[in-house]
Each structure stands twice: as structure tokens, then as C-alpha cells.
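*Asks:* Protein chains in written order, with the numbering used here: chain A, 1 to 284; chain B, 1 to 366.
Source of the hints: derived by calculation from the structure; they are not laboratory data.
Computed from a prediction, not measured in an experiment: that's the story for all the values here.
Every residue, glycine too, gets a C-beta built ideally from N, C-alpha and C.
One or more of the hints may lead you astray.
Incomplete in silico selection of chain B near chain A, CB under 7 Å [claimed, not checked]:
1) 1
2) 3
3) 36
4) 134
5) 149
Cβ pair distances, simulated, as ranges [to be verified]:
6) 245/A / 71/B: 23 to 29 Å
7) 168/B / 245/A: 43 to 49 Å
8) 1/B / 6/A: 16 to 22 Å
9) 260/A / 231/B: 23 to 29 Å
10) 129/A / 2/B: 26 to 32 Å
11) 272/B / 260/A: 42 to 48 Å
12) 165/B / 6/A: 39 to 45 Å
13) 6/A / 71/B: 42 to 48 Å
Some chain B residues judged to face chain A by a derived CB distance under 10 Å, without partners named [to be verified]:
14) 5
15) 7
16) 9
17) 10
18) 26
19) 33
20) 133
21) 136
22) 140
23) 144
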Amino acid sequence: MRIRARPIAPGRATGTALVHPQPFSFVGGVDPRTGAVLDRGAPAPGLSLAGRVFAFPHGKGSTVGSYVLYGLGRRGVGPAAIVNSRAEAIVAVGAVLAGVPMVDRVDVGGIRSEDQITVDGDRGVVELPEVRARAVVSAVLRNRGRILIVRRSEAVGSFQGRWSAVSGYIEGREDPRDRAVREVREETGLRRLVLRATGQPVLARTDATVYVVHPFLFDVPSRAVRLDWENIDHAWVRPEDLGRYDTVPRLEDVIGSVLPSTASTPTPSPRRPRKTIRKTVSPG
Amino acid sequence: MRLLLTVARLSDADRLVPITSAHVSGASYKMIGDPGLEFLEDFARDARVRVPTTVNPLGTDLAQWRELGVPETFATKQRRIASAYETMGARPTYSCTPYDELPRPAFGEHLAWAESNAVCFANSVLGARTNREGGPSALAAAIVGATPDYGLHRDEGRQPTVIVDVHTRPRGIDFSLLGLVAGERAGDGLPYFRGFRGTEADLKWLGAALASSGSCAMFHLAGITPEARRARLQGLKVLSITRADLQETERRYSDGTDADLIAFGSPQLSAAELRDVATLLGRTPPRIPVWVFTSRAVREANPDSVAAIERHGGRVLADTCLEVTMLEHRFGTVATPSGKGAYYLPSLCHQKVILADVRDLLERYA
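Let's have the full structure, built from the sequences with the hints guiding it.
*Replies:* So this is what it looks like as C-alpha cells:
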């Protein structure tokens with residue numbers, strides 16, 4: 001499959017992916033002499049970054065990280081390329097200094113360690129030749145602070161019995177938004193949707209298939225849902241209660257990508273450890 | 001140039017803006033280590049700065065590192081970092097208070113400054129314009145003479161995001177405490193303070209603490225700072241800070257019980273602040289070591305204050321500052337009136353901290 005990304009640092013490289021599911025600091029996270037990953041949160045600590053396509057959500061920590069990445073490149077033990085979900089200046093600057101191709105705006109949850117992967121930092125493309133992509137839409141419906149989840153019936157092709165947002169495959173070249181509106185009408189009977197947000201695609205991975213989920217948030221004027229054959233149950237839930245349901249993979253990330261973030265809540269203590277994002281892929 | 005374009009792309013800036021000066025961080029060997037040294041020496045082979053460029057404090061005072069017990073290898077590598085910057089054409093100021101170096105940036109000038117307290121002071125008090133640059137991006141901007149035009153370079157990026165009503169009259173250390181608590185609550189926002197007044201020196205300590213516990217790059221103070229009048233306040237969330245908040249903050253940042261060093265600085269003291277400390281030490285000479293951090297220029301211009309501090313057993317250190325300096329090899333608990341120092345000493349210097357006002361500290365350790 002081929003993923004469109006944002007070019008950050010120029011160049012093109014192919015290699016075996018190494019996925020680190022948490023934000024990564026090059027200071028303390030890697031041995032600057034050998035390129036071995038030291039971070040204890042790593043799926044396989046001790047593996048070397050050398051020659052690998054290193055995928056992680058985003059950088060964190062000291063700005064000295066830029067220099068560490070530069071040093072790795074200079075010693076020939078740096079990564080072949082870097083893929084981030086959201087690039088920040090420390091890693092981006094380091095990649096430029098080190099001459100490591102880099103892209104961002106790719107959900108690294110869709111990549112697994114050991115995938116073969118090509119990164120084009122000039123054109124902004126990531127290719128995973130061994131992985132098949134299925135494009136889907138996911139419509140998050142909101143009414144007075146609650147969102148709709150539906151339980152998938154035994155008649156659908158995947159994830160039977162699990163809770164999900166209203167969703168469906170994108171056919172051919174159709175516009176994802178049109179597909180989302182159509183799915184809402186078919187699966188819930190709800191009308192008069194107001195589009196509130198479009199999220200960056202979330203990649204839900206199952207073995208050799210990646211579901212490229214295009215998230216949409218709609219406000220709906222009513223909670224009167226009329227289900228069709230695709231679902232057997234529905235519930236209007238508070239977003240924070242989603243954890244209680246057996247959901248399709250990455251539903252919380254899909255919803256999080258379109259709901260206004262709660263990140264503006266103040267941090268009470270300066271010494272509280274940084275909140276880490278949830279683990280989203282299994283170790284390869 | 002490529003590096004600046006990358007930063008520009010990350011921040012959706014569509015052009016670069018010319019700058020009148022740069023201030024680079026990442027000069028302490030303790031902070032940047034061998035990777036930084038290696039990068040700077042490589043870079044210094046052909047890169048030269050195009051605009052006046054000052055440099056942040058080093059990891060020790062190179063004039064007295066032996067007396068401070070700093071290992072020779074550390075001093076040697078520290079000297080190599082300084083030489084690399086000097087080869088590139090930077091001024092060897094090694095100060096975190098570039099706003100006290102001449103010429104001072106004028107209102108509306110665009111800068112590329114790293115060092116969070118200097119950024120906060122330049123934006124808030126001087127009305128100059130700079131984002132919080134990182135060490136490498138400030139250096140790249142110095143070499144190119146321009147920086148990506150986004151954030152605080154643009155009028156809309158200088159508007160407040162939160163109102164902070166202060167229901168007490170801050171004095172002395174209160175400005176550091178106010179900065180710490182406001183930074184925790186404002187995060188990366190841009191606070192608009194109301195309800196108190198302060199001198200330029202007070203706002204230096206407020207901004208330094210604010211930029212440590214939060215990632216604030218600017219604040220407004222109603223009736224005082226130059227751009228407060230342009231601020232649009234409609235619809236902003238209002239936070240309140242009381243005397244009780246300041247007292248709680250002072251307690252929360254004090255985890256030490258018995259200090260073995262009193263430290264003044266972070267940011268480095270101005271000439272007036274150095275004179276005040278000299279006078280206070282004369283009144284209540286302390287029984288534990290006192291380190292006073294200032295810039296080289298201030299130390300050279302004030303030999304009387306320096307002599308007075310040394311007479312009472314203190315040391316006046318230049319070219320370095322509290323949390324980037326080597327002190328962990330000798331001390332375990334530092335007493336300081338600096339909010340920024342109190343914030344960083346535990347993580348960067350493995351110290352316990354006693355955060356208290358200058359006079360209280362000197363009385364306690366007299």
C-alpha cells in the first residue's frame with residue numbers, strides 16, 4: 001500500500017521497519033555510539049536503529065536529541081529513514097542535520113516492525129509493498145455531548161459483534177465524505193447532519209491488511225436511531241466511557257482524532273511524569 | 001537553510017523574516033555532551049554567522065574551573081565548544097540575559113533567540129519578536145540571517161490566550177512564585193496578567209519562571225508591558241492567583257531541608273542585582289558557600305561588589321549559570337530565590353531545593 005505523507009527531510013530509503021509505539025527521545029533513548037535502542041518502553045530494547053526505518057509517534061525531551069541523531073548519522077549507525085505521526089522540531093532538525101529522509105502525518109499505528117517499507121522524503125510518500133490497504137470511512141455522530149456507537153451484526157464481513165462508529169468501505173474514487181453521509185443514512189436513518197471535523201486517517205492494522213480509516217465528526221439533531229441489517233444494537237455514550245465496550249481496533253483513536261482535545265487541562269505538578277499515548281500496535 | 005525551511009514547514013510558515021540578532025543555546029558541555037561538541041566543531045569548519053549573535057552560558061566558569069573542582073576533561077571539552085562558537089563569529093557573552101547586552105533589541109525587531117527566559121523578556125518587556133527557538137534552529141537562523149515567519153513574529157500570535165487575575169501584591173520572590181504557578185496553569189498559552197505592578201527586574205524573574213514551568217514565550221501585564229493595550233480579551237478564560245497559591249507553590253518546590261549551597265542567578269544577575277546581593281551578604285554573612293551567577297560584562301564592570309561578595313566567602317561566577325553548571329559533584333541541596341532554578345535543579349543537577357526569598361535564606365544560613 002501507498003500512504004501520502006508530509007515531506008520533512010529529503011531523500012529516499014528502503015528498509016525494515018522498527019516501530020516504537022511511544023514518543024521517543026534520542027537523548028537517553030538510544031546509545032549514541034552504536035544506535036542500540038535503550039528506551040525501556042521499546043518493544044525490543046537493544047535492537048539497533050542502524051539501517052532501519054524508524055517509526056514512532058513524535059519526538060520528546062531535550063533539544064540535544066537533534067545532535068544525537070546527527071552523531072548517529074555521522075557514525076553510520078543512524079536510521080535509514082524516519083516516519084512520525086506528528087513531527088516536532090527536535091527530530092526534524094536532527095533528521096535534516098543527519099541527512100536522514102523523513103516524513104510525518106502518517107499514523108504509525110498502521111506499521112509493524114519487520115514490515116518492508118520505503119520512505120520518500122522528497123515527494124512525501126510511504127510505501128508498504130507487502131501490505132494491502134482498504135479505505136473506510138468512520139462517522140462519529142454527536143448529540144449533546146454523547147456519541148453513537150453501534151454493535152456490528154453477524155452478517156457483516158469483519159469484526160462481527162464488536163462496537164464501532166458508523167462505518168463503511170469507500171468504493172472506487174468516491175469522496176469519503178459523501179460515503180460517510182450515505183452510511184449514516186443507511187445505518188441509522190439520521191438526517192440533517194452538520195459536519196464538524198475531519199480527522200487525519202487512522203490506520204487500523206490486522207496482519208497483512210491496513211484499514212485506512214477516514215474519520216468524520218457530525219452533529220445530529222436527534223438520538224432516534226433506526227438500525228439496518230449491519231448492526232444489532234446501539235448506544236449513546238460519553239467518550240470517556242468507551243473503554244467499557246469491546247470495540248473494533250483503534251476506535252478511541254478515530255474518535256480522538258475528531259473530538260476537541262482535552263489537552264488544555266492544566267498540569268498540576270511540574271514533576272509529574274509525562275502522559276504517554278496508548279500502545280497501538282503489537283510488537284513485530 | 002534547509003533546516004530553517006524544515007522548521008518553517010513544520011509550523012506552516014510560508015516565508016522567512018530577516019532578523020537583527022540571534023541568541024543560541026546549547027553551549028554547556030554538561031547539557032549537549034559529545035554529540036553537541038561533535039556537531040558544533042563540524043559546523044564551525046565553514047559556517048559563519050551573519051547577524052550579531054550571542055551565546056548562552058557554558059557548563060563552568062572557564063576562569064575558575066579548577067577551584068570549583070571541575071574535571072579537566074570537562075573543562076577541555078567545554079573550551080572546545082566555546083571555540084567552535086567563536087570560530088563561527090558569535091560574541092563570547094555566555095550569558096542567559098542577552099537583553100542586558102548592548103545594543104538592546106528595539107520594539108518590533110525580529111529576533112531568533114533560544115533560551116526561554118530571554119525569549120519571554122524580549123517579547124513581553126521589550127516588544128521585540130521571537131519564537132522559542134531551539135539551539136540548532138537559532139544557530140541556523142544566525143547563519144542565514146532570517147527565521148521562519150510564524151507564531152510570535154506575527155501580530156495574531158501575540159494575542160493573549162488566558163487572563164490571569166492576581167489577587168495579591170507580589171514582592172521579591174513572589175514574582176518567581178507567580179511565574180511558576182501561572183506557567184503550570186497556562187501551559188503553552190500566552191497569559192494576560194492583571195492586578196499588580198512590577199519593575200523590569202521583577203518581570204525578568206516572573207518571565208523566567210513562567211517559561212520554565214510552562215512553555216510560555218510571552219505574557220502581557222495590564223498597564224505595564226508595551227503590547228498590553230493591543231490585547232483582545234473578549235471570551236478568554238480567567239484564572240485567579242491568590243497569596244495562598246504563592247505560598248503553596250513555595251512549599252511545593254522546596255523539597256530540601258538543609259542546604260549546602262546558596263545560589264543566586266538563573267537568570268544571571270544584573271549589575272544592580274549583584275550590588276544588592278553584595279550589600280545583603282555584608283549584613284548577614286552566610287556560613288555555607290554562596291555562588292552568584294552573572295555575566296562576564298557585569299562582573300568586570302563591578303569589581304567592588306565582586307570583592308565584597310568574595311570577602312564574605314562567596315564566589316562570583318561568570319560565563320555559566322545555575323542549572324547548566326557543574327555543581328552536582330559537590331552539592332546535594334541548593335537554596336535559591338530563583339523559580340527557574342528551583343524548577344530545573346532536581347532534574348538537571350540532581351539537587352534537592354529550598355526555594356525562599358533572599359533575605360529569609362541569608363538569615364536562615366547566617
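*Asks:* Of the hints stated earlier, which fail here?
*Replies:* 1, 5, 6 and 23
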